[in-house]
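Engineer: Sequence:
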Amino acid sequence: MIDSSVKEQLSGYRQSIDNIDAALVHMLAERFRCTKAVGVLKATHELPPADPAREEYQITRLRHLAQDANLDPDFAEKFLNFIIKEVIRHHEAIAAEHGGATEKTA
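Residue numbers (the UniProt record's numbering): 1 to 106.
Derived by calculation from the structure, the hints in this document are not laboratory data. Please note: incorrect hints may appear among the correct ones.
Said to hold, decoys possible - 30 Å max Cα-Cα, derived DSS-like pairs, lysine-lysine:
1) K78 - K7
2) K36 - K7
3) K7 - K42
4) K78 - K36
What the hints assert, rightly or not - Label-pair ranges, simulated between beta-carbon atoms:
5) D3 - D74: 20 to 30 Å
6) I2 - T60: 36 to 46 Å
7) V6 - R89: 20 to 30 Å
Ideal Cβ placement from N, Cα and C applies to all residues, glycine included.
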């Protein structure tokens, strides 16, 4: 049997984790709302869906932020790469809807 004080502490940590997960979902939704607008702008002006220079800058920036926050920079990079791939997929779909280019690089 688990001590009641341990149960309370565990419950408190889990509530915090649940709150953080909810915040992450809302933050990702807002991020994708913004990147969708970028995708429409790119498609409207026939810009390529991907921007490798911007992606590299963001990866470097995020790795530094992660290191400063005591988060594994490799994990942060993997996370950002996952998001970038999804954003590019959305931008390609938006470009296709607008009759524009869907190539990944330019």
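Engineer: Would you list, in rising numerical order, the hints stated earlier that this structure does not obey?
Structural biologist: 1, 2, 3, 5, 7
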